[in-house]
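All chains should be built: construct the whole structure from the sequences, respecting the hints.
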Amino acid sequence: KGRNSLGHSERYIDACRKVVRFSELVQECCRERGKGNLSLDEIYDLYIAVDENLPLDVHLSMFIPLMRFHTNPEQRERWLYNALNFNIIGAYAQTELGHGSNVRGIETTATYHPPIYKDDDDGHFDIHSPTLSSLKWWPGGLGHTCTHAVVYAQLFIHGIPHGLHSFMVQLRCKETHKPLPGIECGDIGTKVGYNSMDNGYARFTHVKVPRKDMLAG
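Just so you know, my numbering puts 37 at position 37 of the sequence shown, and the rest follows in order with no gaps.
Check each hint, because a few of them may be wrong.
What follows is a set of in silico ranges between Cβ atoms, one per label pair, in the way DEER data are often shown [to be verified]: (1) Ser-5 to Ala-49: 19 to 27 Å; (2) Arg-3 to Ala-216: 18 to 26 Å; (3) Asp-57 to Pro-181: 25 to 33 Å.
Derived DSSO-like pairs (lysine-lysine); straight-line CA-CA distance at most 27 Å [unchecked claim]: (4) Lys-208 to Lys-178; (5) Lys-18 to Lys-191; (6) Lys-174 to Lys-212; (7) Lys-174 to Lys-18.
For the record, the hints were derived by calculation from the structure and aren't laboratory data.
Positions of the beta carbon are idealized from the N, C-alpha and C atoms, including for glycine.
Following this line, the structure appears as structure tokens:
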């Protein structure tokens with residue numbers, strides 16, 4: 001059965017098999033070159049040999065660059081190495097069901113809650129999807145693959161809006177890969193093309209995100 005005759009689910013499963021093999025090849029190259037991880041350019045040199053788009057497309061083209069250029073040193077220490085070694089796989093959660101390229105119209109909210117106790121941490125953000133149209137919709141890899149996402153939301157502090165900001169949000173449990181509490185996500189289904197990619201949706205219901213996980217770049 002030819003690849004072009006496969007349905008969306010079959011194409012995605014086949015692509016996941018290639019993702020696993022690709023990550024193994026990256027690790028083999030790391031060992032051969034005596035490096036802890038390959039650079040993004042080196043990974044792309046390998047990726048161009050793959051004969052179709054994989055659920056890693058957004059991870060490589062958008063998520064890792066965000067980790068490199070829109071984070072502070074402490075955040076890069078926590079996230080970049082793991083992203084380059086596929087210990088985490090990320091999505092870029094900007095577009096919403098009612099808001100595609102209209103970035104200023106994004107409805108997802110991030111409400112800051114300051115620390116309650118003197119010895120508490122720096123407080124946290126409450127990530128929330130207040131309406132049906134605010135569901136994150138279409139991000140590649142969001143359906144099943146990614147473990148984390150950079151989520152774009154309107155920041156509110158003491159009820160005052162401060163515009164659009166980005167936040168690192170862990171979506172799935174690292175042991176079970178099931179969505180974490182307050183997070184509903186899944187595949188949006190078969191498309192006209194690009195069916196090896198699990199374009200997905202996500203709804204957030206008052207998800208707590210540490211202050212240190214707001215991207216600093």
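Taking the hints in turn, this is what the structure says about them:
1. The hint said 19 to 27 Å for the Cβ distance between Ser-5 and Ala-49, and at roughly 24 Å that hint holds.
2. A beta carbon spacing of about 42 Å between Arg-3 and Ala-216 contradicts the range 18 to 26 Å that was offered as a hint.
3. The beta-carbon spacing between Asp-57 and Pro-181, approximately 29 Å, falls within the hinted interval of 25 to 33 Å.
4. Of the pairs offered as hints, the one joining Lys-208 and Lys-178 holds, with about 17 Å between alpha carbons and a cut-off of 27 Å not exceeded.
5. Distance check on the hinted pair: Lys-18 and Lys-191 sit about 20 Å apart at the alpha-carbon level, within 27 Å; holds.
6. Of the supplied pair hints, the one linking Lys-174 and Lys-212 holds, its CA atoms being roughly 20 Å apart against a limit of 27 Å.
7. Only pairs whose Cα atoms come within 27 Å are accepted, and Lys-174 paired with Lys-18 is accepted, the gap being roughly 21 Å.
Hint 2 from the earlier list is the only one contradicted by this structure; the remaining hints agree with it.
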